[in-house]
Amino acid sequence: RRAAFGTPAQRRTLASARTAAGGIATADYLAGISRPTMMKTSPLYFVSFLLCFMFSLSFAETLTKHYPQYDLVLNFSDGKAAAMKNEHWGYINSTGEAIIPLIYDAVDDKFNDGLVAAKKNGLWGYINESGQPIIPFEYENLADFKEGASAAQKNGKWGFIDKKGNTIIPFLFDSHGFFEHGVCIIS
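Mapping of the sequence shown onto the working numbering: position 78 corresponds to residue 78, and the numbering continues sequentially without gaps.
Hints were generated in silico from the structure; no laboratory data involved. A few of these clues could be false.
To be verified - Straight-line Cα separation of at most 27 Å, DSSO-like style, residue types lysine-lysine; simulated pairs: (1) Lys164 with Lys154; (2) Lys164 with Lys110; (3) Lys85 with Lys146; (4) Lys163 with Lys146; (5) Lys85 with Lys120; (6) Lys110 with Lys157; (7) Lys157 with Lys85; (8) Lys110 with Lys146; (9) Lys163 with Lys120; (10) Lys146 with Lys164; (11) Lys110 with Lys80; (12) Lys65 with Lys110; (13) Lys157 with Lys120; (14) Lys85 with Lys110; (15) Lys85 with Lys65; (16) Lys110 with Lys154; (17) Lys164 with Lys80; (18) Lys110 with Lys120; (19) Lys154 with Lys120; (20) Lys157 with Lys146; (21) Lys120 with Lys164; (22) Lys80 with Lys146; (23) Lys80 with Lys65; (24) Lys146 with Lys120.
As the list claims (entries may be wrong) - The following label-pair restraints were derived from C-beta to C-beta distances: (25) Gly96 with Val183: 42 to 48 Å; (26) Gly96 with Lys157: 17 to 23 Å; (27) Phe171 with Gln69: 36 to 42 Å; (28) Thr95 with Lys157: 40 to 46 Å.
Heads up, the beta-carbon is just placed ideally off N, CA and C, and yes, glycines get one too.
From just these sequences and the hints, can you work out the full model?
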């Protein structure tokens, strides 16, 4: 289910919150990424989520006013910001020049170790800061890299890949956690 507030462009880019395994699985709020992150369900969490979401929309609208050639511009990080035009995403620099072509269905809102998740033709992969594909667009979902590994979903099952796209944990699992101190909980 998609949220029913915000402008149509904001609603198109807002990834839905889903209930899963006793928690709320929220998606990255503006970039359209549907990578689940488990959060405890509570009224306080929900209220704080809405407040952060509304602030983020307000800030994104402010940035977008400075770059009227784009439909939506997200926060700048390291001189780059995800931008959307005609429902296609890419990255711009502070002068508004497209540094990664706006050809993707969605992009993550920030780079992680020189890579950013991008969605093309309905599937996720990773591109570098030049916009060149590093990890092929063959995954249903991707998570950020943590300790050199990214959770990835293929054929409805989760596994882990490294920064070259090699499978390091096979795609056999229904859910995933994140690596911390070399350990990860998966089921």
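Taking the hints in turn, this is what the structure says about them:
The suggested pairing of Lys164 with Lys154 holds, with an alpha-carbon distance near 16 Å, which does not exceed 27 Å. Between Lys164 and Lys110 the CA atoms are separated by roughly 19 Å; this keeps the pair inside 27 Å, and the hint holds. Our distance criterion of 27 Å between C-alpha atoms is broken by Lys85 and Lys146, whose separation comes to about 30 Å. For the proposed pair Lys163 and Lys146, the alpha carbon gap of about 10 Å is at most 27 Å, so the pair holds.
Proximity of Lys85 to Lys120 is assessed by CA-CA distance (about 15 Å); at most 27 Å being required, the pair is judged to hold. Taken as a hint, the Lys110 and Lys157 pair is honoured in the structure, with Cα atoms around 25 Å apart against an allowance of 27 Å. A hinted pair counts as satisfied when its Cα atoms are at most 27 Å apart, and Lys157 with Lys85 does not qualify at roughly 32 Å. Between Lys110 and Lys146 the alpha-carbon distance is near 14 Å, which keeps this suggested pair within the 27 Å criterion.
Only pairs whose Cα atoms come within 27 Å are accepted, and Lys163 paired with Lys120 is accepted, the gap being roughly 18 Å. For the hint pairing Lys146 with Lys164, the CA-to-CA distance comes to about 14 Å; that is within 27 Å, so the pair holds. For the proposed pair Lys110 and Lys80, the alpha carbon gap of about 8 Å is at most 27 Å, so the pair holds. About 20 Å separates the Cα atoms of Lys65 and Lys110, which keeps this hinted pair within 27 Å; it holds.
This hinted pair checks out: Lys157 and Lys120 have alpha carbons roughly 20 Å apart, not beyond 27 Å. Annotation: proposed proximity of Lys85 to Lys110 holds, straight-line Cα distance about 18 Å (limit 27 Å). With a C-alpha separation of about 13 Å, the suggested pair Lys85 and Lys65 falls inside the 27 Å cut-off, and the hint holds. About 23 Å separates the Cα atoms of Lys110 and Lys154, which keeps this hinted pair within 27 Å; it holds.
At roughly 23 Å between alpha-carbon atoms, Lys164 and Lys80 fall within 27 Å of each other, so this suggested pair holds. Taken as a hint, the Lys110 and Lys120 pair is honoured in the structure, with Cα atoms around 17 Å apart against an allowance of 27 Å. Our distance criterion of 27 Å between C-alpha atoms is met by Lys154 and Lys120, whose separation comes to about 15 Å. For the suggested pair Lys157 and Lys146, the alpha carbons sit about 19 Å apart, so the restraint of at most 27 Å is met.
For the hint pairing Lys120 with Lys164, the CA-to-CA distance comes to about 18 Å; that is within 27 Å, so the pair holds. Between the alpha carbons of Lys80 and Lys146 the distance comes to roughly 21 Å, so the proposed pair stays at or under 27 Å and holds. The suggested pairing of Lys80 with Lys65 holds, with an alpha-carbon distance near 17 Å, which does not exceed 27 Å. Distance hint between Lys146 and Lys120 is fulfilled; the C-alpha atoms sit about 23 Å from each other, no more than 27 Å.
Between Gly96 and Val183 the beta carbons are some 43 Å apart, a value that agrees with the proposed interval 42 to 48 Å. Distance hint check: the CB atoms of Gly96 and Lys157 are about 41 Å apart, inconsistent with the given range 17 to 23 Å. With their beta carbons about 40 Å apart, Phe171 and Gln69 fall inside the hinted range of 36 to 42 Å. One distance hint, 40 to 46 Å for the beta-carbon pair Thr95 and Lys157, holds here, with the actual separation near 43 Å.
Violated hints for the displayed structure, listed by number in ascending order: 3, 7 and 26.
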